[in-house]
Every structure is written in C-alpha cells, then in structure tokens.
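Chains as they are written, first to last, in our numbering: chain X, 265 to 572; chain Y, 2 to 359; chain G, 13 to 544.
Do not take every clue at face value.
[Claimed, not checked] Listed below are the simulated EDC-like cross-link pairs for lysine to aspartate or glutamate, each with C-alpha atoms no more than 20 angstroms apart in a straight line:
no., chain 1, residue 1, chain 2, residue 2
1, X, Lys566, G, Glu114
2, G, Lys405, G, Asp422
3, Y, Lys41, X, Glu374
[Unchecked claim] Non-contacting residues of chain Y with respect to chain X, defined by C-beta distances greater than 12 angstroms in every case (computed):
no., residue
4, Ala14
5, Ala18
6, Ala30
7, Leu45
8, Glu53
9, Thr56
10, Ala109
11, Gly114
12, Ala120
13, Glu147
14, Pro173
15, Asn177
16, Ile189
17, Met194
18, Ile208
19, Val306
These are calculated hints, taken from the structure and not from any lab test.
Fair warning: this is a prediction, and the values are worked out from it, not measured in the lab.
We treat Cβ as the ideally placed atom computed from N, Cα and C, and that holds for glycine.
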Amino acid sequence: MSFEMAEAILLTIATAATPLLIAALGELVVERSGVLNLGVEGMMVMGAVTGFAAAQLSGSPWIGVLAAIVAGAVFSMLFAFLTLSLATNQVATGLSLTILGLGLSGMIGESFIGTPGLKLQSWVIPGLSEIPLVGKFLFAQDPIFYISILLTICVWWFIFRTRAGLTLRAVGDSHGSAHALGIRVIRIRYLAVLFGGACAGLAGGQLSLVYTPQWVENMTAGRGWIALALVVFASWLPWRVVAGAYLFGAVTIAQFHAQAQGIAIPSQFLSALPYLATIVVLVLISSNRRMTMRNTPASLGKPFVPER
Amino acid sequence: MRIELVRRPNPSALYSALSPLLALAITAALGAVMFALLGKAPHLALYSYFIEPLTEVWSIHELLIKAAPLILIAVGLSVCFLSNNWNIGAEGQFIMGAIAGSALPILAPDFQGPLVLPAMLIMGMLGGMAYAAIPAVLKARFNTNEILSSLMLVYVAQLFLDWLVRGPWRNPEGFNFPESRNFHADAILPEIMSSSGRAHYGFVFAIIAALVVWFTLNRTLKGFEIRVLGQSPRAGRFAGFSYTTTVITTFLIAGALAGLAGISEVSGAIGQLRPVISPGYGFTAIIVAFLGRLNPLGIVAAGLVLALSYLGGEAAQITLGVSNKVSNVFQGILLFSVLACDTLIHYRIRIAGPARAE
Amino acid sequence: MTDAGGKKVASETLLKVEGITKIFGTLKANDGVDFDIVPGEIHALLGENGAGKSTLVKMLFGSLQPDGGTIYWRDSAVSITNPMQARALGIGMVFQHFSLFESLSAAENIALSLGGDVTLSKIAAEATRVSHEYGLPIHPDRLVGELSVGERQRIEIVRCLLQQPELIILDEPTSVLTPQEAEKLFATLDKLRAEGKSILYISHRLEEVQRICDRATVLRHGKVVGHCNPRDETAKSLAAMMVGEDIHSIERSEISAGPSSEEPVMVIDGLSQPASSPFSVPLSGITLSVRPGEVVGIAGIAGNGQSEFFEAISGERLQDKGSRVMIRGNEAGRLGPSGRRRIGAAFSPEERLGHGAVPSFSLSENLLLSRHASDRKAYIGPLGTIRRGALTKTLERIVKALDVRKSGYDPAASSLSGGNLQKVILGREFDRSPALLIANQPTWGVDAGAAARIRQEIIDLARNGAGVLVISQDLDELLEIADRIAVMSDGELSETVPAETVTRETLGLMMGGATPEKHHEERVATMEAGQE
Numbered sequence: 265m266s267f268e269m270a271e272a273i274l275l276t277i278a279t280a281a282t283p284l285l286i287a288a289l290g291e292l293v294v295e296r297s298g299v300l301n302l303g304v305e306g307m308m309v310m311g312a313v314t315g316f317a318a319a320q321l322s323g324s325p326w327i328g329v330l331a332a333i334v335a336g337a338v339f340s341m342l343f344a345f346l347t348l349s350l351a352t353n354q355v356a357t358g359l360s361l362t363i364l365g366l367g368l369s370g371m372i373g374e375s376f377i378g379t380p381g382l383k384l385q386s387w388v389i390p391g392l393s394e395i396p397l398v399g400k401f402l403f404a405q406d407p408i409f410y411i412s413i414l415l416t417i418c419v420w421w422f423i424f425r426t427r428a429g430l431t432l433r434a435v436g437d438s439h440g441s442a443h444a445l446g447i448r449v450i451r452i453r454y455l456a457v458l459f460g461g462a463c464a465g466l467a468g469g470q471l472s473l474v475y476t477p478q479w480v481e482n483m484t485a486g487r488g489w490i491a492l493a494l495v496v497f498a499s500w501l502p503w504r505v506v507a508g509a510y511l512f513g514a515v516t517i518a519q520f521h522a523q524a525q526g527i528a529i530p531s532q533f534l535s536a537l538p539y540l541a542t543i544v545v546l547v548l549i550s551s552n553r554r555m556t557m558r559n560t561p562a563s564l565g566k567p568f569v570p571e572r
Numbered sequence: 002m003r004i005e006l007v008r009r010p011n012p013s014a015l016y017s018a019l020s021p022l023l024a025l026a027i028t029a030a031l032g033a034v035m036f037a038l039l040g041k042a043p044h045l046a047l048y049s050y051f052i053e054p055l056t057e058v059w060s061i062h063e064l065l066i067k068a069a070p071l072i073l074i075a076v077g078l079s080v081c082f083l084s085n086n087w088n089i090g091a092e093g094q095f096i097m098g099a100i101a102g103s104a105l106p107i108l109a110p111d112f113q114g115p116l117v118l119p120a121m122l123i124m125g126m127l128g129g130m131a132y133a134a135i136p137a138v139l140k141a142r143f144n145t146n147e148i149l150s151s152l153m154l155v156y157v158a159q160l161f162l163d164w165l166v167r168g169p170w171r172n173p174e175g176f177n178f179p180e181s182r183n184f185h186a187d188a189i190l191p192e193i194m195s196s197s198g199r200a201h202y203g204f205v206f207a208i209i210a211a212l213v214v215w216f217t218l219n220r221t222l223k224g225f226e227i228r229v230l231g232q233s234p235r236a237g238r239f240a241g242f243s244y245t246t247t248v249i250t251t252f253l254i255a256g257a258l259a260g261l262a263g264i265s266e267v268s269g270a271i272g273q274l275r276p277v278i279s280p281g282y283g284f285t286a287i288i289v290a291f292l293g294r295l296n297p298l299g300i301v302a303a304g305l306v307l308a309l310s311y312l313g314g315e316a317a318q319i320t321l322g323v324s325n326k327v328s329n330v331f332q333g334i335l336l337f338s339v340l341a342c343d344t345l346i347h348y349r350i351r352i353a354g355p356a357r358a359e
Numbered sequence: 013m014t015d016a017g018g019k020k021v022a023s024e025t026l027l028k029v030e031g032i033t034k035i036f037g038t039l040k041a042n043d044g045v046d047f048d049i050v051p052g053e054i055h056a057l058l059g060e061n062g063a064g065k066s067t068l069v070k071m072l073f074g075s076l077q078p079d080g081g082t083i084y085w086r087d088s089a090v091s092i093t094n095p096m097q098a099r100a101l102g103i104g105m106v107f108q109h110f111s112l113f114e115s116l117s118a119a120e121n122i123a124l125s126l127g128g129d130v131t132l133s134k135i136a137a138e139a140t141r142v143s144h145e146y147g148l149p150i151h152p153d154r155l156v157g158e159l160s161v162g163e164r165q166r167i168e169i170v171r172c173l174l175q176q177p178e179l180i181i182l183d184e185p186t187s188v189l190t191p192q193e194a195e196k197l198f199a200t201l202d203k204l205r206a207e208g209k210s211i212l213y214i215s216h217r218l219e220e221v222q223r224i225c226d227r228a229t230v231l232r233h234g235k236v237v238g239h240c241n242p243r244d245e246t247a248k249s250l251a252a253m254m255v256g257e258d259i260h261s262i263e264r265s266e267i268s269a270g271p272s273s274e275e276p277v278m279v280i281d282g283l284s285q286p287a288s289s290p291f292s293v294p295l296s297g298i299t300l301s302v303r304p305g306e307v308v309g310i311a312g313i314a315g316n317g318q319s320e321f322f323e324a325i326s327g328e329r330l331q332d333k334g335s336r337v338m339i340r341g342n343e344a345g346r347l348g349p350s351g352r353r354r355i356g357a358a359f360s361p362e363e364r365l366g367h368g369a370v371p372s373f374s375l376s377e378n379l380l381l382s383r384h385a386s387d388r389k390a391y392i393g394p395l396g397t398i399r400r401g402a403l404t405k406t407l408e409r410i411v412k413a414l415d416v417r418k419s420g421y422d423p424a425a426s427s428l429s430g431g432n433l434q435k436v437i438l439g440r441e442f443d444r445s446p447a448l449l450i451a452n453q454p455t456w457g458v459d460a461g462a463a464a465r466i467r468q469e470i471i472d473l474a475r476n477g478a479g480v481l482v483i484s485q486d487l488d489e490l491l492e493i494a495d496r497i498a499v500m501s502d503g504e505l506s507e508t509v510p511a512e513t514v515t516r517e518t519l520g521l522m523m524g525g526a527t528p529e530k531h532h533e534e535r536v537a538t539m540e541a542g543q544e
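Next comes chain X alone, as it looks inside the complex (with noise of 0.2 angstroms):
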C-alpha cells in the first residue's frame, strides 16, 4: 500500500466515524440520565434528509447542517413527550420514533432522490495539513470532523466535571432518589433528550452532506443503531466511544476497499461485515457482565412517575 493511499484512508475513516461517533455521544448522554433512546436511527435519517433539503432550497450546506440539528432536536421531542411526559414504555417508543422517522425521511425525500447535493467543504489548515501521514487527517477534514472532536471533549468534561453533569448522572443512577432531593428529572432528561436528539441529526446531517453529499432513502442504514451499540460497548464513557467509531469507520472503509481491490469475496459479505462485527463487539462486551453491571445507569430505560 502506497503512502497516499495510506493518508487517503485514514482521511475516509475518519469520515466514516464521525457520523457514528456524533450520534452515539448525543445517545450517551441520554443513557447517563436513564433514557433509552432506541430511535437513533429515525432521528439521524431525519437529520438528512432535512439537512439536504434545506441545503438544495436555501444553496448553503451551513443552513443544512443546522436544519439537520433543529429536526433531530424537534423530532426528539416527540419521544421525550411520551416516554417523560406520559410515562410509556421507552423500548417501544424508541422504535416507533425509528419506524416514523424513516417513514417520513422517504417521503419528504422523494422528490430529491437523483438531485446532486451540496458538499460541506473541507477546512485546510496551511502548514499543519503538510504533516506527513497524519496531517491531512487532523487538518484537513470537513467542519464536522472538527465539531466531532470539540463534542467529545465537551461531554467528557461536562460529565465529570461540571455540577451539572454530576447532577445528570445522579439522575441515571437513582430518579427517585434525585426527586426526594427535589433535582427536577423530568426536565434534566427531556434536555438531555433533546440534545441527543440535535446530536443525532447532526450526524444524519453529515451523512447528506459530506459523506455521500446526495438523498438515498433510508440512507443511515443501520448506524443509528450501530450508535446505540458503540454507547454499549464503550460502557457509558465518551473516549470510548471514540475508539469504537473509529474501529467501525475502518470496518467499513476496509470493507470498501476489499470490494475496490475486486478480492474474491461476493460484496453482499463484505457490507455485512460492520453489522457482524457489531454482533461480536456486543457479545465480548456483555459477556464480562461485572463491568457492564457497573457502568450501566442503574434506572436505564425505567419510566419514571413521581408520586403526587
């Protein structure tokens, strides 16, 4: 393998991780505050295809991207409204936010379908994006990239380091106890909700307008919910996550490149791959269920109704 092409991958994987790693870090924080939010994926596709359309009416990919944010954050409170507000069964509602999500992506999308889209575009930084090997990658990426890496480092901080996210742990752990103490739950995991949900549409966002800048229908494909499984395995901690974006990005980009390469494996197995090794990440993870124990928000997915 040549050294450009080395740069070149490295450059793919990390836009292939980034829309994984924004939208399972948006999912974290739901989790530490106790929700399970099963409809990344209808929020994320959400993101896209509103993030494209605002782009193709408007011809600024920028007013796309925080279109994507806005419908992500607005299509959440849908789920927020019923799994909070009205106590219903969080697993289900996260499903139908998926099933909703994708039904209505397709048909606000159809009329996009075969339109060329906007590219974000890429952010060089002179000098620095010289560095051989790693410097087109660290600078010389789309804004989102960058956006991606600030997030982590503020949900890292937010969560261990600020009042605020102590309190919104202590939310996860215990919601009766926080309510005793008089922390107000419901609001502190609708905005958490809320902002998994911008999150989410950012990502959805990214894909429309720097990953493959078109509308396919359900274009997320499942990484919605490979999210959902990268918050699992990197037990509720944001750097992690961080490690298993990236690992899945180069699943995906290795995948691309074996099918490029013509190797002799049908292509169908191949775009299988990032849904097995999923599977398997899962199952090594679980399996030590002294640590899944530990980390796990105790009152994840529990509804809440405070007595009155």
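Start from chain X and add chains Y and G according to the hints.
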C-alpha cells in the same frame, strides 16, 4: 401547563378496550391534517385510504394476503414482548424462513409431489427458528442486548438473500435477472377461494397461530410462566421458572412464525425468490403487536388494519397521486398514538397549571 | 393542644402545621393534622405503619403538596413546593429509604444537595470536619454502593448537617442500626439539641421515643390522636394511643416434644458462595439446622447477606453440591425452588412486590406462583391448563383464614396494603401446611394488627410440627416468636443460642461484631476469584 400522571390502583378495563380505537381515531385525525397540508381533500383521501379497498371482493383478498404475514409475525412477537424479550429482528427471520423453505423447489426442482409443500413449510419454520436462535442464545448465554443483535441480523439476512438471488440461486433461464427460478406447481401454496381472489392459506395459518398462542398464553402454565418472567423476572425465579429456557423458547416461537410467514409469502404470493420479498412486514408487525395490545386475538384485528394501510397507500397513489410512503408515515403515527393511549390504562391524566395555586 | 413539658416551651414556635390534609384517591393519608415544634426540642412523630407519618414529612420537605391546611415556619405561612425550598428555609431530612446514589462517591452525594459551585475537595473536607464533630465517621471518596447501611445513614446525616438546618427530620433512623449504633446516634441527637436545633423524630419504637424525645404527636389513620410527653406515659399507654385497639398478645406454648429427639427438617452444612454482583454479599461457611416444632430466628442488620442466604435456601441460587442443603433428609442443594417445594419447603421473601408477587397480576394468579409445582394436581389440568376455579377457591380460603382486606373479588396484588399483601403471600404457604417455612422479614412495613396475626400463625405452624426459619431485622419480633436465635453478620452466621437466654443488647453486640465495611476488600477479592 404541565401534565401529571396519577396511577390507578387497578388497570382500567374501559381504557384497555378503548385505547386502540382512540389511537385509530387520533391517527385518522392527524392523517386528515397531513393530507390537507399536502393539498388533498382530507375526506376523499381518507376514503380512498381506508374505505375504498374494502369495497371489492378481490381487494379483500389482497387485504388477507397482506394481513397474513403481519398477523403471523406479530403473534410471535407478542410472545417475545410479553416475556420482555425485545426481538425486533423478525424481518430477518422472515427472510431466512423464506430462504430455507425455498431451498427445496430451487435446488431440487425435480422433486415434486404432495410432500413438497409441507416440507417447505417445515423448513421455513426451522429457518426462522435457527435465525432467531442466534440473538436468543447470545442473550441467554452472554447477556448480549437482543434488540441490537436481532436488528443487525436483519441487515445480514437482506444481504444474504441479495447474494443468493444474484449469485448461486439465480434462475439459469432468467436472462440474468436477479431472481430465482419460478416454483413448480407443487411448491405453490394454494388459494383459499381461487374463484374470487388470490388470498392463500397463509391467512388460515395466521388464524390458527393466533388461536393456539392465545390459548397457551392465557390458559396454560407455560403461558403463565412467560407472562410472569416478562413482568418481574425475580418473581419468576422465585416461582422456579427458568429465565434462559423462556428467552430461548419465546425467540424460537417468534422465529418459527416469522419463518412460516416468510415461506408462505414466497410460495403463496410471489412464487419465487427476489432480492426484496417484504415491504417491511417484520417491522410493521411490531406496530400490529402493540395495536393488538399483545393479545393474539387483538392482533388479528390489528393485522387487518395495518394491511389496509398498505393497500390504502397503493390506492391513494393511484387515485390521488400521493406517495405510497404516506403509508409508512401513517404506521409510525399509529404506533405513537397507541403507546400514548395505553398510558390511560394505568394512569389518570391531570393537567396542572404552571405553578400551584396556593 | 397539650403543652406537655418536660421542657420549657419557647415563646416562638419553629414550625407549626394546621389542618394539613392529603388525599390519595379515596384514602385520606393525612386528615387535618395539627402540631408544632419549638427550637431545641426532639419531637416524636409516633404512629404505626400506614398511619401517615411519611406522607406528613414529605409535605414538610416539599416532596408532596398538601391538599389542604397551612404550614407556618417561624410564625409565617409558607408553601413548600420542593425540597430545594425546604432546605433554603432550614429544613433537613434523613430518609428512611436513603436518597443516595450508589454509583457516586459519598462526597458527590453530598454535593448534590448543596447549591452553588463548591468544589468536591472542599465538600469532602467540610464533610470530614462535620463527621468528626458529631461522631459520624464516613469515607468521602468511597462509592456509596460499597458501603454498609450504617455508613449510608451517616452520609445522609452529614449531608443534612452541612446545610445548617434548623429542623432535622429523621424517618425511622434506628430501623437499620444495631442497638449500639443507635446509642451513638442518640448521642449525636443530644448534641444537636444542645446546640438549639430541633429534631422531628419519626418512629414506631416506643422505648426510644421515651428515652430521647421531649414531646410526641401520635398519628392514627392519618389523624392526630394526641399530643403528650412520652416520659409521662408508659409503653403500654403509648401503644394504645398508636394502635387504638388491643393487639392480641401472642400465645406461645412450649415445644411439646423434646426438640432434640426428632430428625431436623432442614440441615445447612458449610454453605459458602461468592457474591453475584458488585453490590451483593458473599456467604461463608453457614451451618444451621432447624427441627420440627421450633422457630429459629436469624437476626442481623439489613445488607449482611440475609437476602443472599434466603435465595440460597429457596433454590433461586443453587449450591455447589446437593448435600449443602438437606430438606427432610433429601439432598436439595442442586434443586431449584420448585424441587425444594415438592419436598415440603415453603418460602416467603422480603420484597412483596416483584419478588413474592407480580404486582400487576391478580391475587389468584399470584397464588400459582409458589404452588404450581407443589400442588400441580390441584391447580394444573390436562395440556398444562390452569384450573382457575381451584385457585379462586384457595384464595377465598386464605382471605377468610387471615382476614385479608381487599377491594374487589380478585384484585391486582399492587392494590393491596403492605400488611394485607403479606398475609396473602404467607397465607399462600400456610395453606399448604408445609413441613418447612423460610420467611424473610415477615412483618417488615406491616401494621401492628397484621403483624401480630402473622406472628401467631408462624408459631402455630411450628407447634403443629413444622420447622420455621424467620430472618428478621426486628429484634423484638425474634425475641417474641423464636426458640433459638443466630446472628448473621457480613455473610457469616453465628451459633444459635436459646432465645430465653439473650437480650436485645447481647444480640446487638453479636450483630455489631463484624462491620461490613471492614471486610469489603476481602469481599471484592472473593468475588473476583469466584466469578468468571
């Protein structure tokens, strides 16, 4: 303004019965708004969506064809969901059932006779079971999240089917179309009343499955065991019921029924394997299961309603020129409404002012 | 209102409530409650389980809103809409079921109830200072999930003190302490009173209230039935105010046959097991036998391995070999709960909802939970069908035998009060006349009438020839019903001693013998060796 929930001491029987109907009404209302926004007359749209398909006999047959897989899958899912096993990979089990059952007429086209069809159906069920066993064993043995593993396997199954019909199972006389050979006559699931329409025996299987599962869940110790473990695993362990056995049993039941749905669809409605054999039945069945309140008899009714949404989508596309994607939107709204209305069964809802009056 | 005073009543009241009312559905949990607290007093709020004490203090702390009545703080009417506001006024609370976060450190737990941006290290230092000052040792950096119940309570108290409250509410604080630990708590409370703080002390333990409280308000069925100076009353007169009717005293005949003459109905031989999760207790070398006709009691502070021990004997967790647990001469160590029930054992767990019963299921369905294997012929028909008629008949029998109060013919388990549900869960086992009964905390959170009834049934079952093992935190209960008593501490069980030779104090010393935290490191080591 704030919504407050007040728990009822006993679940409300009234709202248990009323909540699915309420959900349908909400969905229809939201649908009307949606059509108005799309610039269509709401009453005409709703008519062509929900009434028109029921006005002709052949169309009712089509309804049963669509309802059969939905009911079969949803009945199996209800067993899983009641036992708190979130199998959302029924779409994959459906596909694998279809593949396993089709192996016989595709690979051994010369083996014909009355044994072919029963063998195909059994193989289809086994295929679905085997595929459902993967997330079940991973959950029981390694504590792996079944939601994610069963869903990932859907993508894998779709790719596997795609590979088969473009590769080894492609019809040698098919001009390179990505399709398998057509099934011979003995491999076709017969129609119930061929004089009036295409509905095949898949619907009969669905009704039988619903009755058997309903009886098992509500009248037998095994069903009791499944429900107890779903409600409180600890009480189930105290009762001496096995968690692992139940995880695996419920997944196998769901897999068998999804597999049966898959092979019935292929041998009854399609007649060959294609790259895509399901318009998302495995996911729509999740909605059917909830709309039917996880009760197999309710699921029969719910399956017919959701089947109608598929037909209505096609009809509306022709008569109104709206996208058939509207069906998926309808289905999503319906599931949301069902879940929201189910809150009324366990809680009274109170609207409180912004701050408490003192 | 009686100004009963072993103490001079200050001119200013700190807190006064007038006509407080709270309604849940059709139940009046509090009905026109009046009382007041003056600075520098320990005021008792007495009442049995279900009298409305917890509801009342939740309203004082802002967790619940009253439906009527007024709260006065320093003579001005206030509305306390949330706990933050209660704390700002100067009200602190130590909850019975702690409001702590197991995955967070002690210091983080304390930080959560303090406003502002104080750093964790400052909070830890401050907490350590307060804990020394009041004799409440805590470790600020340890995760709460790893701590003993006693230390968790100390964290709650320190957290409360750091907010400089004027009024401290303690909800049943001694229910989780040994008598010796309780003494230390009383010393702390005395010190606080001397500093001029007021304490609202909620309890149903009369001796304690008589010892440390200056005044008492007694609640019954949500109403105030009297104010008094507990020191002027006898335990009997206080009990009469609390309960309002005569509780049948328990009749306990002597064991008829010499107990040693008969074969034991259960023998546990060297039972050890590693902890199954980071927060559970390993068991080591438990040996015990229960003979027919006797009640054996196991005392101990919650969280010392009692639930793990219960799950080991009930078969919810299997043993390494069959002979570890012998039931009526059968090797039962490798049998699950159903297998053990078939050879005559019966079990009643501590947690009623979610362990002993499925909350959303009807009572008759809940009967099947523990009877489907032992009484298969009676309740299960051909094809595995459930005989519902037989179940409802059994339910009627149990309801009649134990006087169970319920709404409707066959309501959901969750709709019953604690005492009535406990009657059903134990009645389900009494009804089959088992040879062996294991009951974990049989009267925990149960009202006095139901508790007396349950204790009598337990004794009667034993005197009719069954062996009974009762695990309880309530020493008075064990002294009342048990023939022999052993103490469980940090997963180990002491020798049994005849009940007539021990007192609360001696048992307390045995219970405090090994504090759980001392063995924590070993426990983690055992677990790591034993798991995976």
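Results for each hint:
Pair hint Lys566(X) plus Glu114(G) holds up; C-alpha atoms about 17 angstroms apart against a cutoff of 20 angstroms. At roughly 11 angstroms between alpha-carbon atoms, Lys405(G) and Asp422(G) fall within 20 angstroms of each other, so this suggested pair holds. For the hint pairing Lys41(Y) with Glu374(X), the CA-to-CA distance comes to about 18 angstroms; that is within 20 angstroms, so the pair holds. Every C-beta of chain X lies more than 12 angstroms from that of Ala14(Y), the closest at about 20 angstroms, which supports listing it as non-interface.
Every Cβ of chain X is farther than 12 angstroms from the Cβ of Ala18(Y); the closest lies at roughly 19 angstroms, confirming the non-interface assignment. Look at Ala30(Y): its CB is around 16 angstroms from the nearest CB on chain X, clear of 12 angstroms, so calling it non-interface holds up. At the 12 angstroms boundary, the C-beta of Leu45(Y) stays outside the reach of chain X, the nearest C-beta of that chain being 19 angstroms off. The claim that Glu53(Y) is not at the interface with chain X holds, since no C-beta of that chain comes within 12 angstroms of its own (minimum 21 angstroms).
Against the 12 angstroms criterion, Thr56(Y) stays outside the reach of chain X, whose nearest CB is about 26 angstroms from its own CB. Annotated as non-interface, Ala109(Y) keeps its C-beta farther than 12 angstroms from every C-beta of chain X; the closest such distance is 23 angstroms. The beta carbon of Gly114(Y) sits about 34 angstroms from the closest Cβ of chain X, which is more than 12 angstroms, so the claim that it is off the interface holds. The Cβ of Ala120(Y) sits about 27 angstroms from the closest Cβ of chain X, beyond the 12 angstroms cut-off, so the non-interface label holds.
For Glu147(Y), the condition that its CB be more than 12 angstroms from all CB atoms of chain X is violated, with the nearest at approximately 10 angstroms. Taking the minimum C-beta to C-beta distance to chain X, about 18 angstroms, the non-interface status of Pro173(Y) holds against the 12 angstroms cut. Every CB of chain X lies more than 12 angstroms from the CB of Asn177(Y), the least distance being 16 angstroms, so the non-interface label holds. The Cβ of Ile189(Y) lies farther than 12 angstroms from every Cβ of chain X, with a closest approach of about 28 angstroms, so its non-interface assignment holds.
Consistency note on Met194(Y): stated as away from chain X, and its beta-carbon is indeed over 12 angstroms from all of that chain's, at 33 angstroms minimum. In this structure Ile208(Y) is separated from chain X by more than 12 angstroms, as the shortest Cβ-Cβ distance comes to about 25 angstroms. Residue placement check: Val306(Y) keeps its beta carbon more than 12 angstroms from all beta carbons of chain X (closest about 15 angstroms).
Hint 13 alone, counting from the list given before, is not met by this structure.
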